[in-house]
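Listed below, chain by chain, are the residues.
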Amino acid sequence: MKFLSEYRDGDLAKRLLDEIASVVTKPWSIMEVCGGQTHSLVKHGILDLLPSEVNMIHGPGCPVCVTPVHLIDKAIHLAEEKGVILCSYGDMLRVPGAKKSLLDSKASGADIRILYSPLEAVEIARSNPDKEVVFFAVGFETTAPANAMSVLQAEAAGVSNYSILTSHVLVPPAIEAVMNDEECNIDAFLAAGHVCTIMGISEYEPLVTNYKMPIVVTGFEPIDLLQGILMVVKQLESGSTDLENQYSRVVRTEGNLKAIEMINKVFEIQDRVWRGIGNIPESGYEINAKYAAYDANIKFDVDIPDSPENEECIAGQVLKGIKKPKDCPQFGKKCKPEFPLGAPMVSSEGACAAYYHFSQAAQAV
Amino acid sequence: MQLSCPMPKLDFDKITLGHGGGGTLSNRLLEKTVFELLGNDLLDKHHDGAIFDWNEKTAFSTDSFVISPIFFPGGNIGELAINGTVNDLAMCGAKPRYLSLSFIIEEGLLMEEFWRILVSIKEACVAAGVKIITGDTKVVEHGKGDKIFINTTGIGSILPKANINIDNVEEGDAVIVSDVVASHGIAIMSVRKGLEFESDILSDTRPLNSAVDSLISKFGSDIHLLKDPTRGGLASVLNEIARDSSLGIHLEEKNIPIAEQVKAACEILGLDPLYVANEGIFITIVKQSVAEAVVEHLQEQDYCKNASIIGHVVSDHPKQVVIKSAIGGKRIVNMLVGQQLPRIC
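Chains as they are written, first to last, in the working numbering: chain V, 1 to 365; chain G, 1001 to 1345.
Just so you know, these hints were derived from the structure itself, not from any lab.
There may be inaccurate statements among the hints.
Said to hold, decoys possible - With the C-beta cut set under 10 angstroms, the calculated list includes, among others, these residues of chain G facing chain V: (1) LEU1195; (2) SER1199; (3) GLY1270.
What you are looking at is a predicted structure, and each value in this text was computed from that prediction instead of being measured.
Ideal Cβ positions, reconstructed from N, Cα and C, are used throughout, including at glycine.
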């Protein structure tokens, strides 16, 4: 695993940190969009090593966190009341719905299974022809190709007892929403490397041009992040506003054309409600009319009302980078991973979880 | 061993409720399998309990084993049940001697599987130098168990030079781990339904009593504490030590030994190796002056080839475990909350 140790090299990290410190002259607020980047920054202790001028703001890139409460409630309802085998990625399970989480529901007997890939869910559907199997298709552009592929495979194999409950969100509209939000004071963005692996980087051109803010497509390892931060700081200090790609060992300019083709075949772009943030126009994927038979929303006509967020939870402001987890009065008090008030405390990409698990701030309360 | 232990000819191929009923069927099962394989002077009395002389400073420990799947890369529930209690006794600074062995079997378990489990129990007992001296077998209806649950309880004699006590832990002590971490949990994960992936990662289930015995013989009371980081992994055990000693623990991430394949699997699955279960390693807190010698000595013992000093006991941050990352940043290592769940992407 040389690939990993190279990107966690202490000497190289120190050189990059020194260079950032030598370049920076005034305070800058930089948003890392993806929750995976937030976790890496906190887990490796990078935030404390950066010069005080560099203020990292954590972005909305946690798909689990922005999945609306009513969709979680719907998934629970399907598993408990409709007798479906509900399959999900692991980190969706602890996220609180209106009354309970999928993990609670599983504990009380619902057939909820943790999978790594929706393709396994198609297999489960194939081997349980008398049951309906639903995959909770949560994610950004990163997981969309696999979810689309599962629908195409189910169709090809004639598996009709399979459908997906879609909660797909898109990164560029979210960045634009943050740029437009008057409360947000962000100077530049680190875009999520893995999303760009699928989609390429051209989607970010208009954002850079229209909003005059640097965007650097960045990876997730400590060296990636430090290099991305250095590239952004250099731009900010010199007054340039360019789209750059730090993660070029993985991200091609045009993205993964096959994956994009698959997404376009099965999904269409629609408006979407983001938990804690609200409606963002054209910010999500839904299954298109041709594949409606695989849309759990259509297959199971269940109307679940959306429940209000817990009033004490400031997840929306955390997701938009207006507040940091430790600014929340309930952080580490009423809200802990064992009994979360909101999703960011339990998602593996949630900013609150990152702070709680890894940082001194959690211990101070 | 399996070659020399062919399964006896039996007129049934599955365990049924009757095998736990205490009558003829139970007796036939026990005589042809358990007593045949595990017999010794004390067990052979077939009494309600074992009767023996004992007049020593004693360690006493119990553990239940409910693992799924029951056969996994590198082992099965049988040897796990023996090694688990053997290691708990070793962590007390004891020489494990006698174990009880209780089965709760779900109706329908294949005799062939039960036999394989018993054979590995025997092998583990021989390896650890312990005897099974009493036991029990119950059978529950299909659907009311998960193939087989095993409980073992053991007693051991405290080694003459041992002085294992959380109160002995003091500022400056070295924290040593006996071998690579996280192998067991990842091996189990690799065969768990829905999460399977191809690897040759094996569970590290194995007895640690021989290594502990030689460690205590050589270093005596300079070995302040022994703990095996099973469920909850390294992080949870170190947090327990910090909490119970009211001292802090400082770790160096780069010094924690982990197999490359295990590290890679953890990255892919989104799991933190510090929280992944182990079955065949221990943590020892030792006086700083002997730390290097302890590591050198351990590296010559069975199952401790990668022993290394991973940190120190400090007074800076009482009751907290803090790790210095490979790039020099610091973070808190908390106790595991619930279980680790694989992440989305």
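- Query: Does the CB of G:SER1199 sit less than 10 angstroms away from some CB of chain V?
  - Reply: 13 angstroms, violated
- Is the interface hint for G:GLY1270 satisfied, with its Cβ closer than 10 angstroms to some Cβ of chain V? 6 angstroms, holds
- Task: With chain V as the partner, please determine if G:LEU1195 meets the hint condition of a C-beta pair closer than 10 angstroms.
- Result: 6 angstroms, holds
Hint compliance for this structure: hint 2 is the single one not met.
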